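Peer 1: Single-letter residue listing:
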Amino acid sequence: MSRLTGMTAVYRREFRAYFSSPLGYVFIVIFLVASGFLTLSRDFGRILELRQADLAPFFNYLPWLFVVLVPAVAMRLWSEERKTGTVELLLTLPVTLEGAYLGKFLAGLTFLTLSLLLTWPVIFQVARLGDPDWGAIFGGYLASVLTAGAFLAVGMLFSALTKNQVVAFILGVAVSALFLILGLPQTLEMLGRVFGGFVEQLFSGLSLIDHFETLSRGLLEVRSLWFFALFTLGWLLSGMLVLDRTRAA
Amino acid sequence: MNAERGSSSDVLIDVNGLVKHYGPIRAVDGVSFEVHRGDILGFLGPNGAGKTTVMKMITGFLEPDQGSVAVAGFDMSTDGLEGKRKIGYLPETAPAYGEMTVDGFLDFIGQARDVLDVEAAIERVVEATGLERVIHQTIETLSKGFQRRVGLAQALIHDPEILILDEPTDGLDPNQKAVVQELISNLSSEKGIVLSTHILDEAERICNRAMIISQGKILVDSTPEALIARAPSHNVIRISLPADRVAEISERVESAAWCDRVERFADTMLDVYPAGGENRLDELMSLLGGTELHGVHLQEGRLDELFREITKGIAA
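Heads up: the sequence lines are chains A and B, in that order.
Using my numbering, the first residue of the first sequence is number 1, and each one after it goes up by one.
Using my numbering, the first residue of the second sequence is number 1001, and each one after it goes up by one.
It is worth saying that the hints were derived from the structure and are not from the lab.
Below, simulated SDA-like cross-link-like pairs (lysine to any residue); rule was C-alpha separation at most 25 Å, straight line:
1. LYS1191/B - ALA1070/B
2. LYS1217/B - VAL1011/B
3. LYS1177/B - THR86/A
4. LYS83/A - LEU1142/B
5. LYS1217/B - GLU1309/B
6. LYS163/A - GLY1023/B
7. LYS83/A - THR1093/B
8. LYS83/A - GLY1098/B
9. LYS1217/B - PRO1232/B
10. LYS1086/B - ARG12/A
11. LYS83/A - GLU1063/B
12. LYS1177/B - GLY85/A
13. LYS163/A - TYR1022/B
14. LYS1086/B - THR86/A
15. LYS163/A - THR1052/B
16. LYS163/A - PRO22/A
17. LYS1144/B - ARG1124/B
18. LYS1217/B - GLU1305/B
For each label pair, taking beta carbons as the anchor points, the in silico distance ranges come out as:
19. THR1078/B - GLU221/A: 41 to 51 Å
20. GLU1082/B - TRP134/A: 45 to 55 Å
21. GLU221/A - SER1032/B: 56 to 66 Å
22. GLU1132/B - ARG16/A: 19 to 29 Å
23. ASP1117/B - VAL68/A: 37 to 47 Å
24. LYS83/A - ARG1230/B: 34 to 44 Å
25. TRP134/A - GLU1132/B: 51 to 61 Å
All values derive from a computational prediction rather than experimental measurement.
C-beta: ideal position from N, C-alpha, C; glycine also.
Produce the complete structure using the sequences and hints provided.
Peer 2: See the structure below:
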């Protein structure tokens, strides 16, 4: 008997659920408008003014956008199940807790990836400007998917922790933001001053934004891929433990 | 405890020494019983008695602190998935994904339960539960009665050997209740059904076995008929007669050897309590031969009386 029994059925249901209510469409519209604004704005990406065949202005702001938008996707995944009681129905089907949890995670990740793919016009835009670095573009999308997955795993834990979606959202945003802020040069410098070089080094290695930037430059470093894999897996496993404790509460 | 049980191969649910705490509260306290093929077991008890907690442990949603549950021979702590395949479960509030259509929801449950021909299964349960005219509607737009029926349909979609129904008729109007009760009664005798209810009339009507639970303990396990026979009003004879004869007849009946006591009420009515709760209608009629009576009624007894009697002082 597989530990992932029932994952496919849960995945299908969850993915369809994004499009059986306005939530999915609203999310996609907000994401496209916000990412477009950040890319084009004179105060942020300035992609038109820079006139370079480079998608860095687009990718640079995506982690910050994800800090707000991904917890909005994650918040309902378990909170709603617990609030409406469907968690009891779901977990008394021949579905393992791992299968249900990963089915929901993969459905959310597929939805976020789909939203990202809908930004394809921006690729055409840079291709018109010159000869872009396709490796960097691929790396940027890969880094974005991995970041979305990491924040989704964070948000899912808080969704499993509380029946209140608003609380799950706020905690998801706060913790995701913390992992970005910890990697900022200013934060690292301050940590170095207060706690010494070792702590600065440690947090630099754990900096999500560092690994994001490495990958989005087209450098597929194994260290960065491992970081995202372990970060996401750690939050997923913790979330499963939390759900196992809270499901009947 | 219940007599006349089937062979061990007919044991569909074997509950042994279940204990469950919620913080300092011992919600279930050493509950043990078996459910056999053909049983429709009514789980009766006041609110907070532990009925739902026991059901949640049978279905594998909750793990017991002590004790074990075997479903169709599968130990739920080690072979939980196999056990879950054998169970159809309707949780207390019949939860469902409100944004889904009825057929979409049933399709999901069928897929999750690895039903081979999901379309045929949907057709079968939709017909059995009378959901034809709402099949393409989203669940959140349905009345409470239809939502219950959707819950029943999902519990039946894999034609399970075991059905666990937590208050299947709660909140339904009388017509809807009758439909659901008939549906449960008509389910194959090859199944073992456990249903919780605090509607005692329902247990009388559809169950062939009744269990009273209070403060996490089983107090009685018997047939509804046997329970009714223990009710205080079982075989009590109510007679209605002219007001000027009440005192004299009351005295005459009370002096009979088979009579335990007579209670007078409403000036023209007497309740005659036979000793030992036996049927003494014939004796009463020969004793009152020739007396003008306005009416005589032999009471069968009511499960709710016994329920109140047993749980009196126990339930908060």
